[in-house]
Structure formats: C-alpha cells, structure tokens
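Chains as they are written, first to last, in the working numbering: chain A, 1 to 319; chain B, 320 to 654.
Incorrect hints may have been included.
Chain B stretches covered by chain A per the calculated footprint, using a threshold of three residues with CB under 8 angstroms from any CB of chain A [said to hold, decoys possible]:
#: 1; region: 381-394
#: 2; region: 551-557
#: 3; region: 569-575
#: 4; region: 582-591
Calculated lysine-lysine pairs in the DSS-like style (CA-CA distance at most 30 angstroms, straight line) [as the list claims (entries may be wrong)]:
#: 5; chain 1: B; residue 1: K565; chain 2: A; residue 2: K266
#: 6; chain 1: B; residue 1: K466; chain 2: A; residue 2: K79
#: 7; chain 1: A; residue 1: K266; chain 2: B; residue 2: K410
#: 8; chain 1: B; residue 1: K325; chain 2: A; residue 2: K249
#: 9; chain 1: B; residue 1: K585; chain 2: A; residue 2: K36
#: 10; chain 1: A; residue 1: K201; chain 2: B; residue 2: K466
#: 11; chain 1: B; residue 1: K397; chain 2: B; residue 2: K458
#: 12; chain 1: B; residue 1: K458; chain 2: A; residue 2: K306
#: 13; chain 1: B; residue 1: K522; chain 2: B; residue 2: K352
#: 14; chain 1: B; residue 1: K458; chain 2: A; residue 2: K261
#: 15; chain 1: A; residue 1: K266; chain 2: B; residue 2: K466
#: 16; chain 1: A; residue 1: K249; chain 2: B; residue 2: K458
#: 17; chain 1: A; residue 1: K266; chain 2: B; residue 2: K522
#: 18; chain 1: B; residue 1: K352; chain 2: A; residue 2: K261
#: 19; chain 1: A; residue 1: K261; chain 2: B; residue 2: K522
#: 20; chain 1: B; residue 1: K466; chain 2: A; residue 2: K261
#: 21; chain 1: A; residue 1: K295; chain 2: B; residue 2: K352
#: 22; chain 1: A; residue 1: K261; chain 2: B; residue 2: K325
Using C-beta positions, here's what the derived DEER-type ranges look like [what the hints assert, rightly or not]:
#: 23; chain 1: B; residue 1: R653; chain 2: A; residue 2: L262; range: 22 to 32 angstroms
#: 24; chain 1: B; residue 1: K604; chain 2: A; residue 2: G119; range: 28 to 38 angstroms
#: 25; chain 1: B; residue 1: E434; chain 2: A; residue 2: D74; range: 37 to 47 angstroms
These are computed hints drawn from the structure, not numbers from a lab.
Fair warning: this is a prediction, and the values are worked out from it, not measured in the lab.
Positions of the beta carbon are idealized from the N, C-alpha and C atoms, including for glycine.
Read off the chains here:
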Amino acid sequence: MSNQNILEVTGLTKHFRAGRNQVVHAVDGVSFTLGKGRTLGLVGESGCGKSSCARTIIRIYDVTAGQILLNGTDITNMKQKELKPLRKNMQMIFQDPYASLNARMTVRDIVAEPLIAHGIVKKKEEANDLVYPMLERVGLTKEHAGRYAHEFSGGQRQRVGIARALVLQPQLVICDEPISALDVSIQAQVINLLKDYQDEKGISYLFIAHDLSMVRYVSDDVGVMYLGQMVELSDADEIYKNPLHPYTKGLLGSIPIANPKLARQKEKSGIEGDIPSPVNPPKGCRFHTRCPYAKPECAEAVPESKYVDGGHMVACHLY
Amino acid sequence: MEPILKIENLKTSFMTSNGEVQAVRGVSLTVGKGEILGIVGESGSGKSVTAMSVLRLLSDTARIKEGTITFKGQDLIKMPKKELRGIRGEKISMIFQDPMSSLNPLIPVGRQVEEMIREHDPDRRKEEVKKDVLELFEKVRIPEPEKRYGCFPHEFSGGMRQRVMIAMALANKPDLLIADEPTTALDVTIQDQILRQLRELEKEYGTSIIFITHDLGVVAELCDRVAVMYGGLIMEEAPIDDIFEKTGHPYTMGLLASVPDMDQDKEIRLQSIPGSPPDMTNPPKGCPFAPRCPYARQLCASELPDFVQVGEGHRSRCFLRYSDAPADANNPFRK
Chain A
1 MSNQNILEVT GLTKHFRAGR NQVVHAVDGV SFTLGKGRTL GLVGESGCGK
51 SSCARTIIRI YDVTAGQILL NGTDITNMKQ KELKPLRKNM QMIFQDPYAS
101 LNARMTVRDI VAEPLIAHGI VKKKEEANDL VYPMLERVGL TKEHAGRYAH
151 EFSGGQRQRV GIARALVLQP QLVICDEPIS ALDVSIQAQV INLLKDYQDE
201 KGISYLFIAH DLSMVRYVSD DVGVMYLGQM VELSDADEIY KNPLHPYTKG
251 LLGSIPIANP KLARQKEKSG IEGDIPSPVN PPKGCRFHTR CPYAKPECAE
301 AVPESKYVDG GHMVACHLY
Chain B
320 MEPILKIENL KTSFMTSNGE VQAVRGVSLT VGKGEILGIV GESGSGKSVT
370 AMSVLRLLSD TARIKEGTIT FKGQDLIKMP KKELRGIRGE KISMIFQDPM
420 SSLNPLIPVG RQVEEMIREH DPDRRKEEVK KDVLELFEKV RIPEPEKRYG
470 CFPHEFSGGM RQRVMIAMAL ANKPDLLIAD EPTTALDVTI QDQILRQLRE
520 LEKEYGTSII FITHDLGVVA ELCDRVAVMY GGLIMEEAPI DDIFEKTGHP
570 YTMGLLASVP DMDQDKEIRL QSIPGSPPDM TNPPKGCPFA PRCPYARQLC
620 ASELPDFVQV GEGHRSRCFL RYSDAPADAN NPFRK
C-alpha cells in the first residue's frame, strides 16, 4: 500500500436491480490506482459503465463488491456520516452544466454552499473571501457572483461547476464528461483551466470522456472499459500508439481524422454492431460478439487481466 | 457542376421578447449534384437555421426576411406551403440529431417508413411498400429487418433509431438530404458506421448531402466542400483539402487548433479561442469574430469584410485576405 496513491480501486462491482430478477451489470470487477497529481482517463462507449464506476467510487451509489481506498482509507462501506468529512477531498464535475446548477441560487451561493456544508465557514458572508478568488481563478469576475446560472453561457456555467468543485481544495476531482456539452472553442478553455490548476495544486483527476483525442491529451494513464469491465489499461501514449485489445483498436479506428488526405487513405477499422445489453452480458469475453478476432474459447472463458511489456494491462485471449 | 440547390443572400431572424435575433445574416451557398457539403460552426452560428430555412421548418417566431432558395428552378421561399409539402420528404429530406424525438413512439418503425412512401405515392400496393421498406432496412444495415419491422422506437438503440431515420429519409430517393448533426449524440463507433453508410448511399443514389456538424474530423472524413459559419455568416468556404491545408480565416484556424490531434504534445497548451460567440440580438457591427480574433485591427470592429476569393473555389471573409492588406507580423496570411 503506497501513500503515493490517492485512489486504489480493487474489483469494484456495481449491479443494479432492474425489475423482476433482472440485474444490470453496470460495473464488474474494475481495478486501478490513481497516483497523486496524476490523471486517469476512462473511455468507452455509452453504457460501458464509466459513469457508474465514477459514481460508485464517490459513493453516490452503494458498492456491490470490491474495495475503494481513498488516501489509504477504506471507504467502501463507510456510512455517509463518517464519509462526509472525507468528501472534502473528492469532488465531482458533471457533464451537463444546465442540470447541475441550482437555478434559484446565485453563483456566489452555489460556490459558497460546499464551504458551508463542510463547516469551513459559518456564514455566507464569510465565504466571500474564498469564493471570489476561486471565481477569478476559473475566469469569472466578481460581477458574475450575483447572477443566476441561466444568465450564463454553457462554458461559463461549466466554470461555475468547476469553481464549486475546486473551492474545497480537494485532492481528487472526478470529471464526468466535463466538456461534452461545450462548443469546440470553449472545450479548449476548460481543459486548459483544469490542467493549469492541476500543475499548480498537484491534484488528481479521474477524467471520463468519449472524446478520445482529448482524453489522450489530458491523461497520464488511460483505461478502456467495455460492458462494465476494464479491458485495457496503460500509459496514455502507449495505449494510443500500441493498442492491444481488439476493442481499443476498433475504438481508435472509429475516430474521425481531422485531415482529409489521411482520412481517405485510412484503412477502415471500426467496430460493427451495437454494445449488447448489460442485463445479460455475453458469456466469456464480453466483446466476443463484435470482435473480428474471436476464437471459440472467447465465448467460453473470461479472459484474465495480463500484463504485457511491463505496465500495459490487457484482458484478451490473444495475449 | 450544376447546382441542385442555390441559396442566395438568406436572412432569417427570430422575433423574441428580447428583440430580433438575427440568426442568419446573408448566407449564399450552392450544392452540386452528388456533392456532400459540410456546414461547420458552433452553437448559435446559424448553421441549423440555414438548413431549416431550406424546407421552411422554422418555428412561428422565425421570419425569412430576405433571399432566395432555388431548388430545380423553383424558389422554395415563395412556394405555397401545400406545394412545399410535396417536396419535403420526397425531393429533399432531413435527418436530425435526436432520432427519438423525430420518431412517433406509438407506431412501429416499419409502419413509419411505410407512411413516408405512401404519403408521396398513395396508390402503391401495401405489400409492395412493405417490401421496399424491408429492402431499405437492409440497405441501412438494420439486422433482421423482418423482425425489426414491428418494433417500436424505444426498443432500438440510438444508432438503430438513426438508421431508421436514414431509411425514412431515403425512402423516396430524394435529390437532397439535409443532415443536421446526425451523429453528434452517438458513440464514435456508431458514428463511424453511419458515416461509412452515408458515403455508400451517396454513391449509390447520387443524393446530394448538406451535412451540418461542429466536428471538423467528421467533415474531413465525409465532405467534398465546407462552409464555416460564425455569427450568422459564412466566414470561409473551400474544397475540403484547402480548409485544412490552406486555411483561409483566423476563425477556422482557431477551430482547428482547439482540437488536439492524436500526436499533440501534452506539454503544449491547447490554443483556445478566448471569449464567447456574439449575442445575435445585437450582432457586432464589423466582423463578428473580431472581438475574439488574435489578429483583429481597428478596422475589423467597425466594418464587415467582404467575402473575397482567395483561391479556386475558396473564399474568405477577412480583411487580412484583401490584396492591399498589410504584410506585417500580425498577418498570418502574409508571412
């Protein structure tokens, strides 16, 4: 157990009940560690369990099985009351800056609320000393503080959401698709803001997104998820240069290339078909129904996580 | 190439309680036969409103204030609504970002596509129409068409629903397909499948496509020509390769630089475009991009530059592209 890791997740599993005798296997046995000051990116198609994984880690959902260590403390089954003081250290930024901000509160109150909830300040007025510098830090001004969320553009709202998460000076921030709802020119602003803050404070990010090139750009390590399982996990550059799992290859092959000449030459290596239902995930390797390299054993046996070339984890029968 | 659609000086506004929102402020475009034209821009740039104006699928608060839209020799703006109905879905069809809200949740998908064919050809025999629909389903790669025919939209995934929409849009072999961010809500894997399919269908039917997106990668993979919109105007228009290789407008440059490529150096900050898009109730007097443009001069804030030719089929709306523009360090086009 190293104290260099802010987060250690082992065999994390989250199942949801869905009606009569049906179980949604949202997250199934996911393991990873996140070092201090580092960023782990999680990618995969919608329904692969990346958001459920994040929400289980931050204990919005109860854990079905597995273990979560935050700064070495086991928070897997901690009661919400005990957990509360630790929540200061882990905050979350949500995808939809329209739905995640209270429409009836001013920006000042939104950013001050976590400070009051955690007893860092007693009254709203005292919070200003912390709120104003934070707003400035994310590129908003004092004048913005008295306004309501609906008066802002999507990019500005996301800055408010970021200010709310960072004002507690957390060590870990879970970013669940923080830029997906934003325009391209605004995405870069938000990403630069998150990266600068990390350089300054040495905080860690668990960064979930479906924009693979952005994930490569912000992350030190990248994990690829498919139907609730981690199928590949490695250093960000390595995974993009040398993808091992057929799913990762297909995912990368599906990204449109912003270069028409290369795009025309590109050998088409996408993935056919849709992601199957997590209610009845395929037996054996969950990807075998769409995998171009599937062998008979893939439908039978679950592939184990193997380490290739040192730190490169892949769960596939080809290796 | 003979254009099948010609938009000239289109101006569309929305009358709101906050005043007139000038969403489109003078757009001219042509689409050739079998051509795929991309329209790129951020939210609020006017790209969707331009497309919706073509079929006049606008809300009651919208007014087309000026301009002509010529399709096969007829002006769609002046055409009576009844006549326009004969064009919608038959000669020009449209697919949208969210297929769930475009499909009727209470009618099986097969019947919805059937309806589309019968609306424009009421005398066809029922069995024949069904056969056509099944063929279409196969063409857009809906697995097990017979079984899927009677399914309801909620039983389909997002990608499958979009395939139904495409089948519906192609049912009458239209001359023009307008696709408004059809893959934005989909996963990259499904987006890739749909793009490949659109390309195949374009080849097979010779259908022209207007493809609206904010994703330059998608444009690079699919389009023959691109128009980049900002603040209700086209800022640059060029053949696909030129947009990327001979980028002719500071806004396009900014867009290209905001997206990291796969071998982007992580130590180098992303070049973001500072600020946010203009408020279209009160659009800037000069170039709409001037307040965010790193190369803006005094002139840019007060006057709107013309849309000038800068190469073959390549036009740009920027003072720095004028033949008398100063060739100093602050001009990225004259170094």
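We went through each hint and held it up to the structure:
1. 381-394: violated (count 0)
2. 551-557: It is violated: at least three residues are needed, and the region 551-557 of chain B offers just 0 whose Cβ sits closer than 8 angstroms to chain A.
3. 569-575: The restraint on the region 569-575 of chain B holds, since 3 of its residues have a Cβ under 8 angstroms from chain A and three suffice.
4. 582-591: Result for this restraint: holds, n = 6.
5. B:K565 <-> A:K266: Judged against 30 angstroms, a Cα distance of about 21 angstroms means the pair holds.
6. B:K466 <-> A:K79: violated (49 angstroms)
7. A:K266 <-> B:K410: Roughly 33 angstroms between the alpha carbons, so the hint for A:K266 and B:K410 is violated.
8. B:K325 <-> A:K249: Distance of about 42 angstroms is beyond 30 angstroms: violated.
9. B:K585 <-> A:K36: holds (18 angstroms)
10. A:K201 <-> B:K466: Outside the cut-off at roughly 57 angstroms; violated.
11. B:K397 <-> B:K458: violated (36 angstroms)
12. B:K458 <-> A:K306: violated (40 angstroms)
13. B:K522 <-> B:K352: Answer holds: B:K522 to B:K352 is near 11 angstroms, not above 30 angstroms.
14. B:K458 <-> A:K261: Holds, because 28 angstroms separates the two Cα atoms, which is no more than 30 angstroms.
15. A:K266 <-> B:K466: violated (35 angstroms)
16. A:K249 <-> B:K458: holds (26 angstroms)
17. A:K266 <-> B:K522: holds (19 angstroms)
18. B:K352 <-> A:K261: holds (23 angstroms)
19. A:K261 <-> B:K522: Roughly 19 angstroms between the alpha carbons, so the hint for A:K261 and B:K522 holds.
20. B:K466 <-> A:K261: The hint is violated at about 40 angstroms.
21. A:K295 <-> B:K352: Judged against 30 angstroms, a Cα distance of about 46 angstroms means the pair is violated.
22. A:K261 <-> B:K325: Holds - the C-alpha atoms of B:K325 and A:K261 are around 28 angstroms apart, at most 30 angstroms.
23. B:R653 <-> A:L262: 22 to 32 angstroms: holds (28 angstroms)
24. B:K604 <-> A:G119: 28 to 38 angstroms: Between B:K604 and A:G119, where Cβ atoms are some 52 angstroms apart, the hint is violated.
25. B:E434 <-> A:D74: 37 to 47 angstroms: About 59 angstroms separates the Cβ atoms of B:E434 and A:D74, which means 37 to 47 angstroms is violated.
Violated hints for the displayed structure, listed by number in ascending order: 1, 2, 6, 7, 8, 10, 11, 12, 15, 20, 21, 24 and 25.
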